[in-house]
Structures are given as structure tokens and as C-alpha cells.
Amino acid sequence: MWSIISVALYLILGPVVGGLLAGFDRKISARLQGRQGPPLLQPFYDLFKLFSKQSVVVNNVQDFLVCGFLVFIVFTGGLFFSGGDLLLVFFALTLAGIFFMMSACSANSPYSAMGAQRELMQMMAYEPMVLLTAIGFYKSTGSFAVSDIIHSSVSNIAYLPGIFIGFLFILAIKFRKSPFDLSTSHHAHQEMVKGLTTELSGNILALVELSHWYENAFLLGVVGLFIINSNWWSFLIAVPVCIIAYFMEILVDNTFPRVKWEVMLKSTWLVTLVAGVINLMILSFIK
Amino acid sequence: MGVIAFLIILPFVAAFFLAFMKQQGKMRDYFIYTCCAVIVAAVLYFAVTNLINSESRSYLLETRGLDTAILIGEFGLMGLVVYYGFHYKKYYVAFLSIAQTGLIAWLELFGKKIPEANHILSDKLTIMMCLIIGVVGCLICVYAVGYMKEYRAHHPEYRDRSAFFFAMLFVFLGAMFGLVFSNNLTWIYFFWEITSICSFLLIGYNQTQEAITNSIRALWMNLLGGLGFAVAIVYGTLVLNVADLHGLVTLGAGNEIAIIPVILLAFAGITKSAQFPFSGWLLGAMVAPTPTSALLHSATMVKAGVYLLIRLSPTFAGNLAGTMVTTIGGFTFFAASLLAISQSDGKKVLAYSTISNLGLITACAGVGMHEAVWAGVFLMMFHAVSKSLMFLSVGAVENSTGSRNIEDMHGLIVKLPGLAFVMIVGIAGMFLAPFGMLISKWAALKAFVDSNSLLLVVFLIFGSATTLFYWTKWLGKLVAVLHHSARLPNTVGKSEWFSLISQAVLMISLCLTFPLVSTYIVEPFLSDMFHQTLPAIISSGNVNIMIMMLCAIVILPIAVRFLTFGKKNKIVMSYMGGANAGDDRNFIDSFGDSKPMYLANWYMEDYFGEKIILKPAIMLAAAGLIVMMVIAIGGAV
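If you read the sequences in order, they're chains A and B.
This note's numbering puts the first residue of the first sequence at 1, with every later residue one more than the last.
This note's numbering puts the first residue of the second sequence at 1, with every later residue one more than the last.
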């Protein structure tokens, strides 16, 4: 029963949360740069307008691939909020990511092809840490199921501080934030134009935007999972932690310039090894 | 018993006749089809009857006559290797062969009486292996019929030895059946040697300098493993008084009495399944015509190695032999998948991917735990089908377009939609979420975490990421939609299509029915082997979710077509900074001339190239292997 309600809530509130976060992001970023910034609801206005526009694309396969991206992102989030298996959730996320990448590959365009290769590089960089996160929860609670993890007596962050840090690190890649916004960026006029999404526009681009909102809501859900335990008030702590995590990502976004892929790959894998694997090692001694 | 003897003998008989059918023609084609159909039917009959009776059976306690025949056969094989060793002036090959055959012959003729045990054993794992060898192997043979005709047309420079080629394919199948049915170690060893020599002959098919060099490499590496096998047999018989595989596993499970023969057999398994440092022979095997590679990589040869390791797995739990096998396997999984990133030759990517996946199976066997072996058996099954599918489709693309380079497969979905689709199924089967290999990888990950093997967990998570990289970029090449490109004429023959489609269907149906395979074949086998029953490795809820995902992928294209019906997308050229020269294939360069655009994948030679990684990986693995073997054997003596 609870799982159905929370999935329904995710389906309805997911994009709302995602959109609000995007608006919040633009507002804060603008203030950090000494600008006024758009209204908080600007992302929603943008989305509605995009939906009403005709899509200008290079082929008709993109419809299918982008829909696949949306469907599997929603599936990922739904599975997560219904209390499903965390590994399966991450596998579904990878599948969604591959659909998105394929939409760029199918375009046969120089900029989206470059974006696709970079996106793939990003996936390779963050994948170990994502899997390690699931393993960390399993080691600490004895179950991969989200429904079991939230019923642990102590917040899992107590056992998984290193993995939490590692996850925050890769969150910058997943949120497509600088210094790791290699494959596509919120800001056009760059060497890669818009990277992955160069050849997408109009209502198809709106679907991509919507998927990202769902995805971001889900990712913050994973951040919250580190905090939530069997006490009801842990939710009250989890929400501010998610907001702070998001704020940190905005801060980092505005502070660091984009790095080369080599730097991203090396630093992400290093963080995975140092923070994640050592955390797991210690955990296997005490658990 | 009758059907077992039939399965072992029929391929040899077929090979004998094929060797004399020098003329290519309808008669030979139909002869091959018939043999394949009979083998598949026999395998299915065998599998069904044994699943209904559902018991492990063993046969043939007393086999003096057959033993003598096998001994003579071994001398024959030795003679063959010695001949080739002298012919190509590689005397060490002859030496290796004489040494091991001498050991076995000495044991049989002058050693003490060989302890009694059943020579033939059939259980659930045998059924699984038979299905893989019979069904996948025969589909490859069917494919080969059409392929070799085109191959001859494309490569008139090589002498046509296709009669010999087909004969060897069937000998290979027969040897594999013999290997999986045998329980007596000397018998297994005999069939093991046949597969080594067969692969040598098949790899050397073209008789070019490269083919000969590579085939000799395959031969000496596998003979080295065979030497380990022979020493293990002699030691087992003389010291432990056990000469059958089942007895050895029973004796060695949970203690370290049998560690010396176990580690030697594991060594043989590692050479056969092309783990680092012995990866070289499998990479070299791609000089041969595609059906050879498909057979070596999927249904036979390398599977013999991991089959032996899986059989031995209870003896690996918690000892140094297990540590050796898991470390080499885990390391190979990671290193080979890194190397695959830098390759653009389709067959080479497949070769590295085989080595990498076999590494994972090896690691699973080495953990020696119930759930790890579950994962290993499933990896073996899914890998056999999807790898054979991949090889055969790459071969078909090569015959159609003249190139097997992944870069040249750009836009294959437009040029050869059928082949591209089959290939996409194969690639998805290799690594993507609701499909086969991923299920097994998932179980493997769980098992590694449960057994507290941190090093394996690290290898697995990083190896999964690199695996994702090289498969996805291949997938990306296939789906590119190029403007103004026409379909290429479909030159793929009927027998090839039949084989490809059957395997694609097999792949998808296996993904849907794997819980049944688990319940009726793999679980009973494991509870036999480990004497305990465990709850389902992947819960039924999760299986349902996986099946939902699979259905979603199938339904999605249709649903989207309906939803977007009547939707008007404006189709434009792709963006090239406004410099398109009339289409999205050419652009205007800074001199005002039109230049063709070329989109390449990333290969990153400076980081993942063979020059950078291959040598250190082989050295490291060789050092680890030697050190662990010396410590284990030294500690036991």
C-alpha cells in the first residue's frame, strides 16, 4: 500500500521537485554571479513552451529513443520509491542512460557524437561508485531492497561516510554540473554547442528536460536514503540534507571550470577507490 | 547410455565422411544439415529424458578394452603433434607432447593399478553443457556451410580445404561431448588433448605465416595446460588413489589433501579458458575463418576450461587454489575489458570480451560458493549464445561489406537492417539490464560481497564500467542514421540467416525463461554438488521486474509509433556549425572545398592500448600465477 502511494507521489511530484530544483539552481547561480536571475518557476514556463513547439530533428528514430529514456528513468525512480532492489534500480538507470546516448548517436552529427562519447566516458567514470553505493547499503543492512534499508535502526551514513562522499562526488557528473559537465551543458555557445542534445529540439527536447527532472528527484532520493532510518523524524533530517547536497553541487558548479575527461576519470576512480573501497573494507571488518 | 555413446561417436563418424567429401556441393551441404539436425535431436532427447528421470547416473565401471583404445589414441595424437613440431621446427611443442603422453602411458602400463570408478557420468551440468555444445555448436556448423562458400569467393588466395575444415568442426563437437560425459580423468585428458590439437589445426586453416605462428602458439599454451593435467592425473592416482573427477572433488572438498592435483587441474583450466597470462592464443585465433572463432569462443574449447573449473569449484573454497583462480579470473575480467576499449577490429573486441567474461566465470568458480557457481553457470550459458551470435553476425557483415572494423559499421542499421538488429540483440545480451549476462553479473556481485572477497568486488565494479564502455560505443555506431545511404544488397545466405535468427530467438527466449532453467537444471545440480539447498538467488519479485523491463523494451517501439502517429517532426540536416555541404555527410572546410565528415569512436590508445596494458598485465598475471602455485604446492608437499 505504502509503496503504491509513494510511487504515485513520485510520478506526480517528481517533475515538480525537479523543476523547482532547477529554478532554485538558476536563481542561486544568478545571485552568485551578481545577477537578478529568472523567477523560480521559469523552468516550468520553459518546459510548457518547449512542449508546444514543433520538434526539429534529424531523423525519426529519436522519438523512440528519447521516449525510452523517459520511460526507463521513470521506471528507475518508480522502482526506487516502491522499495525495490537497489542494484536493479541502478541497472535500470544505466539502461535509461544508454537510450539517451543512443539518441545522440543516431543523429550522425559531429557535436552530438562528441557529446555521446563524452557521456559514455562519464558513465564509465561514475558506474563503479554507483555500484559500490548499492554494495555499501547491502553490507551495512544485509539487503539490497530499499524497503529494508529504510527500516534500519541507525542512519546508514554512520556506516557509510566514505561512500556518501563518493556518491556526492559522482552526483556532480549525474547532475551535469561543472567541473564534470562534459557531455552537455546548460549553457550553449561552447566548443561542443549543446553536446548530446544538439540535435534535439521542441517537444522532444521537452521530454529530455522532463526526464532530467525525474532523474534528479530520484538521485536526491538516494542521497536521502543515507539518512533515513526507522524513526519517522529521520525524514525531517533527510530533506534538509538533500537540499544542502544540491546547494553544494550548485556552489561547485559555479566555482570550478570544466575539466578534461582524463582528469574526470582519474579523480572519480580515485575517489571511488579511496573513499568507497576503504569504507567498504572497514565495514567488512566491523559488520 | 546408448544416447551418450551415440552423441560422442556420431560427430566423429560424420567428420570421417566429411573428410572425404572434397567436392563442394548440395550433397555435402545436406549431409552437414542432416548431421546437425540429428545431433540437436539427440541432445534434446537426452536432455528431456534425463530431466524427467532427474537423477545423476554413472556408467562403465570396467573398461579395459576402451582404455587401451584411448591409450593408442593418445599415442596417435602425440605422433601428430611431434610431426607438426618437427615440420614447423618448433621442437618444444613435440617435447611437451612427448612428456605428457609419456607420463600417462607410463602410469597406465607400468604404474600401480588404477583405482576403480565409473568412467561416464551424467548430471545436470552435463545436460546444460550438452545443450550448449549441441545446439550452439550445430548452429555454427550450419552457418559455416554458407559462410565458407562466400569465404572462398572473397579469399581465392587460400587453398580450399573446406572438407578438412568441416571435418574438424565435427571432431571438435565430438571431443567436447566426450569431455563433458567423461568422469575418468584419463578420458577427460584424452578429449582435452583432442580439442587442443583441433583448435591448432583450425586456427592454422589458411596456412599463412601468421596463421601458422598463431596456431603454434595456441598449441604450446594448451599443451602446457595438458602437461599440468597429466601430472595431476599421475599424482592423484599414485598418491591419493583417485582417478576420477567426481572422486577427486569429493575428496578435496573442504580440506587441503587434494590441493596439488586440484591446483594443477585449475592451471590447465586457466590455460584452456585463455586467462591472463595465456590470453595470447585466443587473440591469435581470429586469423581463422569466422566459424572457427565462433566455435572456439562460444560452444567449445574455452568452455571446456571453465567447465573443468566449475566442476572443481567445491575444492576451491577457502584455500590457496581458490585464491589463485579467483585472483587470476577477476584480474583477467578487468584487464581484458580495459584492453577491449582500445580495439576497433570487431573480432578483436569480441576476443577480449570473451577473455574478460571467462575471467568472471573463472572467478565465480574459484569462490567455491553455491551462489557464485550459480552465477558462473548462467554466465557460461548466456555467454555461449550471445558470443556465438556476435561472431556470426560480424562474419556476415564482413562478407557483405568487406570490413569487420567497428568504425565501418557506422550506420549499419540503414545499410543492413537485419544484421544490425541481430547484432543489437547480441550486444544487449552481453551487458544490458534485463538481458542475460547482467542477471549473472548481478548474482556474481552478490556472491562476491557475501564471500567477503573485496578484491573481486573491486575488479567487478570497475570491470563492469569498462565493459559498458566498449559495448555501448559499438552499439552507438550501429544505430547512427545516415542520410542518403541506401540499403546494401543482402548477400547473406540462407543457412547463415537461419543460424543467426535461431540464435537471436534463443537469446531472447533464454532471457525470458531463465528462472525455469534455474529451477530445473542449475539449482538441482548445485544442491547435488554442495549438498545444500539455498533459496532462489534472485527473488521472484525481481525476476518479474526484469521481465517487465524486457517487455517494455519490446513494446516501446510499437507504442511510440502509435503515440507519434500524425506527429509532424521537421527533419533537417545535422548541425555542423552552418557549414554543411548540402547534406550531413560533407562540410565546407576553410578553403571553401567540400570535405567528407567522419565520426570516430574514442579508442584512447594512450591509456588503454595494447602497448600500454598488455605486457604489464601478462607479466603481473604470470608472476601471480607462478608465486601462488609454488606456495600452494610447496606448502602441501
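Do not rely on the hints blindly, as some may be mistaken.
[Stated by the list, open to error] Think about it this way: if two alpha-carbon atoms lie no more than 25 Å apart in a straight line, the pair counts; the simulated SDA-like pairs of lysine to any residue are: (1) Lys266/A x Phe608/B; (2) Lys568/B x Ser201/A; (3) Lys415/B x Tyr59/B; (4) Lys567/B x Gln190/A; (5) Lys113/B x Arg152/B; (6) Lys595/B x Gln190/A; (7) Lys446/B x Ile244/A; (8) Lys570/B x Asn60/A.
Simulated from the structure, these hints should not be mistaken for lab results.
This one's a predicted model, so the numbers in the text were calculated from it and none came from an experiment.
Of all the hints given earlier, name the ones this structure violates by number, lowest first.
3, 4, 5 and 7
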